[in-house]
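Given next are the chains, with one letter for each unit.
Protein chains: 2
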Amino acid sequence: MSESDTEPDDIGAGEPQTTYDKFLGGKVKLLQPKTRHHRSGLDAVMLAASLPTDLTGRVVDLGAGAGAAGMCAAARVAGISVTLVEREKTLLQLARQSLTLPANAQFAERIQILDADVTAPGRDRKERGLMPGMADHVIMNPPFYDTRHRASPHEARAEAHALADGGLDRWCRTASDLLVSGGSVTLIFRADGLADALEAMVGRFGQLIVFPIFPRSGEAAVRIILHGIRGSRGPMRLREGLVLHRPESDFTPKVEAILREGAGLVL
Amino acid sequence: MSESDTEPDDIGAGEPQTTYDKFLGGKVKLLQPKTRHHRSGLDAVMLAASLPTDLTGRVVDLGAGAGAAGMCAAARVAGISVTLVEREKTLLQLARQSLTLPANAQFAERIQILDADVTAPGRDRKERGLMPGMADHVIMNPPFYDTRHRASPHEARAEAHALADGGLDRWCRTASDLLVSGGSVTLIFRADGLADALEAMVGRFGQLIVFPIFPRSGEAAVRIILHGIRGSRGPMRLREGLVLHRPESDFTPKVEAILREGAGLVL
Chain Z
0 MSESDTEPDD IGAGEPQTTY DKFLGGKVKL LQPKTRHHRS GLDAVMLAAS LPTDLTGRVV
60 DLGAGAGAAG MCAAARVAGI SVTLVEREKT LLQLARQSLT LPANAQFAER IQILDADVTA
120 PGRDRKERGL MPGMADHVIM NPPFYDTRHR ASPHEARAEA HALADGGLDR WCRTASDLLV
180 SGGSVTLIFR ADGLADALEA MVGRFGQLIV FPIFPRSGEA AVRIILHGIR GSRGPMRLRE
240 GLVLHRPESD FTPKVEAILR EGAGLVL
Chain S
0 MSESDTEPDD IGAGEPQTTY DKFLGGKVKL LQPKTRHHRS GLDAVMLAAS LPTDLTGRVV
60 DLGAGAGAAG MCAAARVAGI SVTLVEREKT LLQLARQSLT LPANAQFAER IQILDADVTA
120 PGRDRKERGL MPGMADHVIM NPPFYDTRHR ASPHEARAEA HALADGGLDR WCRTASDLLV
180 SGGSVTLIFR ADGLADALEA MVGRFGQLIV FPIFPRSGEA AVRIILHGIR GSRGPMRLRE
240 GLVLHRPESD FTPKVEAILR EGAGLVL
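If you're matching them up, the sequences are chains Z and S in order. 0 is the number of the first residue of the first sequence in numbering that gives the first Met the number 0; add one for each residue after it. 0 is the number of the first residue of the second sequence in numbering that gives the first Met the number 0; add one for each residue after it.
No lab work stands behind these hints, which were simulated from the structure alone. Any given hint could be a false lead.
[Said to hold, decoys possible] Partial list, computed: chain S residues near chain Z (C-beta under 7 Å):
#1 G132
#2 M133
#3 P142
#4 D191
#5 L197
#6 P211
#7 P214
#8 R215
#9 A220
#10 V221
#11 P234
#12 M235
Cβ coordinates follow ideal geometry from the N, Cα and C atoms, glycine included.
So that you can see chain Z by itself, here it is in the shape it has in the complex:
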């Protein structure tokens, strides 16, 4: 999904713990912490690819990290402006540095950065500039809460709901608060967290689309992309989804085009 240069210091980052990664065949160049999990790059690109190229308005990227999804979105879709929302200072600083790179000049002026905690209460979020109705579209790649270790069926149900309330539920509540009515949200999540994701989305968003991503044909999904419309009551659709790899382990041509050329992913 991204190609790391071997000499990150070349571009003046001055941070030994960062890498300099290319996305969409070089349309986006990004400073990222070395500790960032490999897979998040692919997730970010898939999330950005799911936006239609004729989209307009403001896209808010919740928990933007170093900015991979939001910047790929801006690079692909000329009619949007993007607000990256992140609470980690190191990641915010890297995102700011990336926007100064000449390679990103095509979209840098359409990107805004907000230092805010997605899971904070509404009042605190407003103080940080996260205003109700500010977003025409929200994208997010929330942290993967572990819901697997359960003590008993009874506790498990309680815990499942507690986790949904404390984790993903807050992300979806914030997304709903920020969106205009009729605005849409797209998120990418661990496939085995599908139940939690639907629990958090149902009632807030309608016309849900569940789009699975499979490593290989015949294997279980590793990720799901979920899409919904704020205030809609339309029924959910479960899609066939996307297979990433051919049996011999390289990416399929469709996935290559998404990762290297900025091609779109129709949900």
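On the provided structure of chain Z, position chain S as indicated by the hints.
Same frame as chain Z, but now just chain S:
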């Protein structure tokens, strides 16, 4: 999925409102009410096909209707006995009549019929013979509650949970009550009811498998088969699923083999 004879009276049903349908290429013959929706035949066969042929023990078919799923299961899997649970007298009577047909002699002795309401409280269910731990495996094709017409995001969330509590949640509670620990449940449901289905299953069953059924490649799923293990805490898996029809609208060879020859469906 089934072939109706034009003269149902030939086989002595004596009921003008019934049809005489063949399943699995004639391995199962079933009296069904004419008003029964066409699709339920396919759902029942898919549900039965999902049982491994080496399964043993007691299978309880909750809301068995005229017995299509339970009888197809018994016809396919020689090592199981099957309890059909249904509350509608007309359907119970048709199931009893079907079991007297010579065509069903191969499995009729392994089928038991129980007149009981799946959604009744535990004490009432016990009085009807639905005993805790009686089932090694439960199969069910619950009624399709409509969750689409929602008044507001707030009401929608309340309503979604109320429906889950009143409808599918009760079916899953009963399934869990009847199963031995480590026993498994398989259900088939409307694909756009996935959120409700997961809500009802999570915490009761683990190692969930979500297996979508698509009418054609490129179309959204119409059904989901869900499988889970009572008391397990293993993670959920979302499968690629099954496409029913080729573009020219006949069934795929794999689906033909399931419907006409009793082939299995590996989830």
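Cross-check of the supplied hints:
1. G132: 14 Å, violated
2. M133: This hint is violated: M133(S) lies away from chain Z, its Cβ roughly 18 Å from the closest one there, beyond 7 Å.
3. P142: 17 Å, violated
4. D191: 4 Å, holds
5. L197: At 4 Å from the nearest chain Z Cβ, L197(S) passes the 7 Å test, so the hint holds.
6. P211: 5 Å, holds
7. P214: Constraint on P214(S) not satisfied, violated at 11 Å.
8. R215: Hint violated; R215(S) Cβ to chain Z Cβ min 10 Å, cut 7 Å.
9. A220: 4 Å, holds
10. V221: Nearest chain Z Cβ about 9 Å off; hint violated.
11. P234: With a closest approach of 4 Å, the P234(S) hint holds.
12. M235: At about 5 Å, which falls below the 7 Å cut-off, the nearest Cβ of chain Z leaves the hint on M235(S) intact, so it holds.
This entry does not satisfy hints 1, 2, 3, 7, 8 and 10, going by the numbered hints stated previously.
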